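S.K.: Could you build all of it, start to finish, from the sequences and the hints given here?
Protein chains in written order, with our numbering: chain H, 3 to 367; chain B, 684 to 1274; chain R, -18 to 335.
Any given hint might turn out to be false.
Covered, in the sense of this in silico footprint (three residues per stretch, anywhere, with C-beta under 8 angstroms from a C-beta of chain B), are these stretches of chain R [claimed, not checked]: (1) 24 to 37; (2) 40 to 47; (3) 53 to 62; (4) 83 to 93; (5) 138 to 147; (6) 172 to 180; (7) 183 to 194.
With the C-beta cut set under 8 angstroms, the calculated list includes, among others, these residues of chain R facing chain H [to be verified]: (8) A(-4); (9) E67; (10) F233; (11) R235; (12) T236; (13) R238; (14) G241; (15) L242; (16) H251; (17) S255; (18) I328; (19) D329; (20) R333.
Bear in mind the hints are in silico, worked out from the structure with no lab data behind them. None of these values were measured; they are calculated from a predicted model. Every residue, glycine too, gets a C-beta built ideally from N, C-alpha and C.
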Amino acid sequence: MTQFSDEPLADVETYLPAATEPDHDRSGAFLQVRDLRVHFPTDDGVVKSVDGLTFHLDRGKTLGIVGESGSGKSVTSLSIMGLHKEGVARISGEVMLNGQNLIAMDPNRVRRLRGKNMAMIFQDPLSAMHPFYTVGDQIIEAYRIHHNVSKQVARKHAIEMLDRVGIPQPTSRVDDYPHQFSGGMRQRAMIAMALSCDPELLIADEPTTALDVTVQAQILDLIRDLQQEFNSAIIIITHDLGVVAELADDILVMYGGRAVEYGTSSGIFTAPQHPYTWGLLGSMPRLDRERTDRLLPIKGSPPSLINLPDGCAFHPRCAYADRNGGASETVVPELRDVGDGHFTACHLSAEDRMQIWENEIRPKL
Amino acid sequence: MKRNRMISAVAAGSALLMGLAACGGSSNDADSGSSGGSTTTAAYNAAIGKVFNPSDKKGGTLKLANSGDWDSVDPGDTYYGFSWNFLRNYGRSLLVFKSAPGAEGNSLAPDLAEGLGTPSNDAKTWTYKLRKGIKFEDGTEIKSKDVKYAVARQLDKETLPNGPTYLNDLLDLQGYEGPYKDNDPTMAKFTAVETPDDYTIVFKLSKSFSAFDYIAALPATVPVPAAKDTGTKYKEHPVSSGPYKFEVNEVDKRVVLVRNDQYDPATDPASGRKALPDRIEVELKANAADVDNRLLDGTLDVDIAGTGVQTETQPKILNDPEQKNRADSAPNARLWYSGINSDVAPLDNVHCRKAIMYAADHAGYQRSYGGAEAGGDIATNIMPPQIPGFQKNDQYGFETDKSGNVEKAKQELQQCGKADGFTTNIAYRAERPKEKNTAEALQQAFNKVGIKTELKGFPQGDYSKLYAGKPDYAKANNLGVIIYGWGADWNDGFGFLQQIVDSRTIRPGGGNTNIAVKDPQVDQLLDKALTTTDKTARESLWNDIDKRVMDQAYILPGVWAKGLMYRPERLTNVFVSEAYGMYDYTAMGVQ
Amino acid sequence: MTGGPDRGPPVTFAADVVTYIIRRLIAAVILLFVVSAVTFAIFFLVPRIAGFTADDLASRYTGKTAGAEQTHEMAVKLGFTDPMYEQYGRFVKGLVAGRDFDTGPSVEHCPAPCFGYSFIKQVPVWPEIVGRMPVTLSLALGAAIIWLGFGIGTGVISALRRGTFFDRASMGIALAGVSLPIFFTGLLALSVFSYALDVTPPGGTDPTESGNNPLEWAHALLLPWITLAFLYSAGYARLTRAGMLETMNEDFIRTARAKGLTERRVVTKHGLRSALTPIVTIFGLDLGLLLGGAILTEKTFGLPGIGKWAVDSIQNNDLPVVLGVTMVGAFFVVIANLVVDLMYAVIDPRVRLG
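M.R.: The following block contains the structure:
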């Protein structure tokens, strides 16, 4: 989180929206998600976990998807990977990877892309790695599914990968079981496993949540280094804006299964447009200085995905919902370009947003 | 002994006739109760009193299973009727119950012996002459010393505990305890049995015993070669003297008999053994419920236990005419009865005991045992009809007042001084539903006349030794009515009556069949009968005992037992042996 | 979760395991002695405390017409008149060093492990147990193979096809299988397959009499196998299904899928191995118990195994046999437990022996 203080937040100019082309839908991108909807029919009603999501990502770039639990960020990543169970989730929209729509693709072809073209790092490496197989075996397995090589060759590769992610004595640690690793080591091993086939797209779902702060930083550094080395596209999913502050090129803020703000990392940190994003910024712990106030948590709890509030889904928790003449309760705000490839879905006027940010929010951060 | 000689002559004659009938293929009509004859028409009770499906065809394997217990196949260590019946296949005793249908099957025939025993005048010394040329399975000739040794070894009840103790009680042992304790191969101290030559054996008794021929027919006289005797282990392979020998004997698993090539039918003219199958297999400790299914299915030939099919199987047979035609309701010299314990007040008063006799529900008793076909007939007196000299004597009118005679019972209660009735307990064996049903039927009937009872079930394994058969226990626990059963060791007044009416057999330590009858007059009559060598006079004495016990109301007779037997289609030469009350296991063959 | 980044590989594993096994075996021997003491007390001491005399107990083993004197002789012969510790000491001595028994004309040595002489049949218990092992082993192992295959297969398919007709039907049948007693299913199976259809041999067919013909052996055991396996399959199917449902929701399954493994491989390599771990424990105990005698199945089908002998002997009060069979049963359970624990350590590397 040290990087956050490097950025002078007072740079007001960058906040002002520029009149550029809408950039969130770009058909040429390496990954293009368009109007993705993931619905789960249940006995109580349809859970709309993701409801019309559009974003894109290029190789060598990093996208941070940020939101509270239940905002739909993990569901989004799982649907890109094609990991939702058949018949359980109703998925529509497009996930174009290298020009191929994964949603419409034969599941078996998607499977062959998994691990090779796109890989995933999970939140809790202890439960995400099989407790009964050695770390090496699990990396070897990941490698050999997509590479027709002998076990010895795959093992060598696994040791290399462990070395590359910074595990000391990889030749002996390759035969350890996950429980014999420390938390950070396990996450490194997990990354080694995910990267073993040089994936073009790497999705990291809360990769540092289970780790202590110093280790978090190491892991994030590692991901950044590896990205440079492999030129992968990376999606980092987190509830903590701090995690993506340094790493992400773009940030997508999700709420109630929809995007509420989407833009470049610098745009979002210097001039966040959505009250929810303000809330996320306010609940970020700061290491660089003493906070004047306590953390500023967002009031209320995440909405039910079966019965989203009418109008703006965030309005029941929004301190400024009454400034829009009732539109907040009735009209769903569209994701609108506020300039410089920065989008937000908010009924507040640009002036209001700027005023509130400058006068009420920023001073408290 | 005149009677016995005569009978064996008749038996030989009718055996001849029987053989002729079989050869000629003629079939007699199904007149049950008639002796001899044969039939091939499948009909209910077709194997009672005559041979069903007569055949001389040898070969095949006879398959038996035992749904019950079997103490031992050692002739000196076994005390089950079916075991004695079966044992005739591999052992020859001095005398033997003849293998023949009808009353003839109740008669003794000479087996190892040339003829029946010759008693001294006081019936204290009995002499038997052995046939020559009878061989053990190893080819050695059987001599009198082999019989003497067999008798001597079974005296040792510590080593061979299961057999009857008649010889221990009757022989003039002079302290001899058997060869295992004596360790003298010449058996010099065993003077109670003498072998003046290789073919003569003399038994010396400590008291007169007119019915010793029945003792000579016990498996205890089946010869055992001393050199082959291994004591408790002898049962692993008893040395055969009969038509079959042991191929396999696995504890609680199975017994297999095969033909004994040393057996010469020429030396066996009187027993009636047929020895038809080439091989006899017995499965031990079989599952009773499954045994009946296998019988009905024809995959099994006989349940060797010989007590009839299980209660659950009875309706399957009796309600299906076709199945019923393959069944026999075989009478058994067994009485299901209740002892009326005169130790327990107020049953020390004969009138109170008589009140029990009158109040009892005889039809209920019969129903509890399975009704007339599967259970047996209502018993009016103590000796079953198979016992020679039996005279029916329904002095209490059981057959007319089948559900009891309340009026008479109340009169007796009045005379007993208990006009309002009294309270006592009924004992039964808890594992036997038939006895439990009986107890309940009696309880209800007694209730009608004011006799209040409580039912006491006891574990059957310890029933006679520790509970109902132990006088001080029975008295202390107020066991006034003790439900039990008794079958004759052999069909004769002594064989049936002695264990249940002789007060001198009562052991204070328990294990008694009789604790109810303690009557000096009965004891005297028994002693008199034992010295009475005249058959008719003796048989009339048995009847006197029966009558006296009934007069004094010591025993409430319940049912003269019958067993519902099933004969699968492939069995040949089947008939019920009157001596054992089950199919004769030396006669049957398979198709 | 033991160990940390500094923990080296477990180089002393083999030595650890040997020490562990030895320690467990010593514990097993002690346990078996406790079992023997308790069993001995139940059958020999408790009746005496309840008021039965030595002669009372001996009266069960005398002939029908035995008098007091004979009964007492029997009590002396069977050792009931000796102090209880001496009786138990004799039993233990027999186990360790063997004993001598009087057969009448001679004295027979019963070598260790001598479980004594049957009171009823007067044969040494141990050879009879050994002689019955093949039947019990054949029955238990054969049935185990069937129920493992069938139960686990059904459970896995049910879990993967949760909510389908197959799932509901097989779980319904499984419920019936768990609830129905062997006496019922066994006799029903016999009357249908053996007596009505005539495709299997009747009850009482001894598989060891098949004369080394494996087909006949299997034929004789087919119905008992299926009947016994039915009972167990049902439980195993339900267990497997529950385990599988739980495991397939684990994070590591998602990881396996994310690697691009085929679903088949995800299920077999990653799912089953975890789902079956608890089944190993239960299977070990079930098999251990069955090896001590599949009592009801053996009795129902008339198979002369250890279990049937045990029932028959209990009915007869044949205490040395009961004692011997109990010990053998306990032995198998103890050994099965040890094997299960070792297996567990092999299957789950997180488990440390000790």
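S.K.: Indicate, hint by hint, whether the structure satisfies it.
M.R.: Hint by hint, here is what the structure shows:
As drawn, the stretch 24 to 37 of chain R meets chain B at 3 residues by the rule of a beta-carbon pair under 8 angstroms; at three or more, the given contact holds. Proximity of the stretch 40 to 47 of chain R to chain B, defined as three or more residues with a beta carbon under 8 angstroms from a beta carbon of that chain, is established by the 8 residues found. Counting residues of the stretch 53 to 62 of chain R whose beta carbon lies closer than 8 angstroms to any beta carbon of chain B gives 3, which reaches the threshold of three, so the coverage claim holds. Given as covered by chain B, the stretch 83 to 93 of chain R passes the check, having 6 residues with a CB less than 8 angstroms from a CB of that chain where 3 are the minimum.
For the stretch 138 to 147 of chain R, the proposed coverage by chain B is not satisfied: 0 residues have a C-beta within less than 8 angstroms of a C-beta in that chain, short of the threshold of three. For the stretch 172 to 180 of chain R, the stated coverage by chain B is satisfied: 3 residues place a CB nearer than 8 angstroms to a CB of that chain, which reaches the threshold of 3. Look at the stretch 183 to 194 of chain R against chain B: 4 of its residues bring a Cβ nearer than 8 angstroms to a Cβ of that chain, three or more, so the hint holds. Checking A(-4)(R) against chain H: minimum C-beta separation of about 18 angstroms lies over 8 angstroms; hint violated.
Hint status for E67(R): violated, given a least beta-carbon distance of 53 angstroms to chain H, over 8 angstroms. For the restraint placing F233(R) at the interface with chain H, the shortest Cβ-Cβ distance is roughly 4 angstroms, inside the 8 angstroms limit, so the hint holds. The interface hint given for R235(R) holds, since its Cβ lies 6 angstroms from the closest Cβ of chain H, which is under the 8 angstroms cut-off. Because the closest C-beta pair between T236(R) and chain H is about 5 angstroms apart, less than 8 angstroms, the hint holds.
With a least beta-carbon distance of about 6 angstroms to chain H, the hint placing R238(R) at the interface is held under the 8 angstroms criterion. Checking G241(R) against chain H by beta carbon gives a least distance of about 3 angstroms; that is within 8 angstroms, so the hint holds. With a cut of 8 angstroms, the hint placing L242(R) at the interface with chain H holds, because the nearest CB-to-CB distance is about 6 angstroms. Satisfaction of the interface hint for H251(R) is found here, the shortest Cβ-Cβ separation to chain H being roughly 6 angstroms, below the 8 angstroms cut-off.
Checking S255(R) against chain H by beta carbon gives a least distance of about 7 angstroms; that is within 8 angstroms, so the hint holds. Using the Cβ-Cβ criterion of 8 angstroms, the hint placing I328(R) at the interface with chain H is satisfied: the shortest such distance is roughly 7 angstroms. Interface restraint check for D329(R): the shortest CB-CB distance to chain H comes to about 6 angstroms, inside 8 angstroms, so the restraint holds. Interface hint at R333(R): violated, since its Cβ lies 10 angstroms from the closest Cβ of chain H, which is beyond the 8 angstroms cut-off.
The structure is inconsistent with the numbered hints 5, 8, 9, 20, although it conforms to all the rest.
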